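Engineer: Sequence:
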Amino acid sequence: MQQSQIPFTRDLVLVGGGHTHALVLRSWAMKPLPGVRVTLINPAPTAPYSGMLPGYVAGHYDKEELDIDLVQLARLANARLVMAAATGIDPERRLIQVAGQPAIGFDIASIDIGISTRMPDLPGFEDHAIPAKPLDQFAAEWRRFCQGDGPADVAVIGGGVAGAELALAMNHALTENRRPHRIYLVERNTILSALPHRAAERLRTALQVAGIILHEEAEVQEVTSGGITMTGQRIEAGFICGAAGARPYQWLRETGLAEHDGFLVINEELRSSDPAIFAVGDCAHMGFAPRPKAGVYAVRQAPVLLHNLRSALAETGNMRRYRPQSDYLKLISLGSKSALGDRFGLTFSGPWVWRWKDRIDRKFMRMFRELPDMPAPALPVPRAAGQAELGAKMLCGGCGAKLGQGALLHALEQAQDTLPGDDAAVIDMDGQKLVFSTDHLRQMVSDPAVMARIAAHHALGDVWAMGASPQAALATIILPRMAPRLSARTLKEIMTVAREVMGDAGAEIAGGHSSQGSELTIGFSVTGRCDTPIQLSGARPGDHLILTKPIGSGVIMAAEMAGKARGAEVHSAILAMCQSQARAAVILQHAHAMTDVTGFGLLGHLRNICLNSATGAEVWANAVPLLPGALRLATVGVRSSLFDDNRSGFPDLADTPRHDLLVDPQTSGGLLAAIATDPQQMIADLKSAGYDAAHIGIVTANAGQIGIR
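Numbering (our numbering), first residue to last: 51 to 759.
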């Protein structure tokens, strides 16, 4: 995008992936404000749409239909996505505290984190009940419970509209699954008291017809593993849900910003008591026009928030005012494909209301399902010969941007030893063995802190593959051009993470170099110490091949660049790339040969072992673990930019998506080891240490030949 060529001078940080922020990001993608770096902070790669939750619980929608994919949305908006939970804000220092990551600086921030229905003061709730919000955890727990066997009794604490909708949806799902059940709806006051009388009576009738057991004026005293205790009465239930009221997240109270019962007070411009901090959705209290918590307000705040954020970032002073409507259309699911509607005192219900609601919900979600394509730029005409061979496809980041193995071997033809070298250079200093390696990665993840974590683990992989203990590292950082204040923020995030990862590995960052360039690049040169290095030349026929991580990061990150990967798939790949191989290296310390699987793919790095050891290998394709989504994406034709070069080295490789993944370039991939010991015990040890490891083949005596079966 052209705007990315303009240096960043302002940081806009969106805290939370709520409906308002999702709409703002989509609009921002269509018309960004040049010079603004946008950051979205959200605990998960997706944000569920609350309007479709009852339909999901009832079984009318799949989970994917419920989710707004924030990874794809952030990519479209050229925003960096930080997949972690915000835990606090320091308005004076302009910092957002984030769980497990360095604080993130901002010039303008907006908060849209929704609400929680947790009941921390109710004894036993945290251990034995599931809050209806946040929605992700609730949806997962309900699906597990609903798909079980046998009797299924459920207690819903909270008799408002949300509790009633959930009770009816649960009843429908369990009825469809033919599980005997009882649904209890418990309310400390009168159920549905916030609804107009006519709508409340009709919804109450629907609950009674469905057989929902109502407990009104009932105070819950304790939640246990088998039910809830009320005054003088106990209800047995295997699934307990909290849907009572709206509770703000505790950290909002600690910001020092003006609040009302823990909700941030905002004015007509959607600004908090600090003009640099906006707030929208259920986490905000409209002090100028108090309203109940409802998604309709969040949706209609979006265009006003977008305008005012742009104005604040450009410092134009041109602000718009948000005017909430006095009443709104309420559409309430009744469990089956029927719904109840109410507006201006008019109440109506039936299957046609459900169809109406379904159309509204699906139309809203289509805005995030049908994102504009991101085609590669067309090649110019006229152009130099050979450009078509390179293609217009964007160059992948990470190891997908490496020079191909064939080109490297060709460049080394004049060397005395034309075999591929070990993962790290071995230096003998006064009888002590030191290993030394360097690795640098082009940006493949929008979050600089996560990119630093991946790059650090990637660089450490060569040292661990040699059986060495990391000792020291030098950092080389290239930042894209931006304002000095933003450069300082970014470098601090990167180095905070780099020191943490290297420190955990036993190494100290002794220095390094930083510069500015066209894009973010992070690299580390690492030294390690060992007694006897594990080299590529030690494999023996009969050895077992062990892989410590699934493969597929290349195709997944290539798909992410094109906006085709699902958020959950990208998240899984990032978690795998951020996993340390330190414990795996200790478990595999007696390997005959070992390497880390990176840019040349599984087969490329296995070939290096075979060439150096004068052996062959047999790989069991179906035994090779794959990252979630990798096979799906390979099947639809997604490939990394290094793929063709990697595959050219294996002309006899079968033309199937699974076989293609065997040459998929990996970033911060797993260790590949040739061992003589019992593979089952080794795999058990690795799995106990948290690795998705597998026994994927054997070493053979057929020198230079790799068979796939």
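Be careful, since some hints might not be right.
[Unchecked claim] FRET-style restraints, in silico, Cβ to Cβ:
no.	residue 1	residue 2	range
1	L625	G395	45 to 55 angstroms
2	N227	P430	58 to 68 angstroms
3	G553	G471	24 to 34 angstroms
4	F398	S738	53 to 63 angstroms
5	T59	M80	14 to 24 angstroms
6	T59	L625	14 to 24 angstroms
7	G553	R405	23 to 33 angstroms
8	G471	S564	54 to 64 angstroms
9	I263	G687	15 to 25 angstroms
10	D177	N227	38 to 48 angstroms
11	D728	E176	38 to 48 angstroms
12	A339	R228	40 to 50 angstroms
13	A308	S568	17 to 27 angstroms
[To be verified] Each computed DSS-like pair below joins lysine-lysine, with the alpha-carbon atoms no more than 27 angstroms apart:
no.	residue 1	residue 2
14	K380	K343
15	K483	K81
16	K81	K113
17	K113	K542
18	K380	K81
Just so you know, these hints were derived from the structure itself, not from any lab. The model shown is predicted, which means the values in this text are computed figures rather than measured ones. The beta carbon of each residue, even a glycine, is placed where N, CA and C say it ideally should be.
Engineer: Of the hints stated earlier, which fail here?
Structural biologist: Hints 6, 7, 8, 9, 10, 13, 15, 16, 17 and 18 are the ones this structure does not satisfy, whereas the remaining hints hold.
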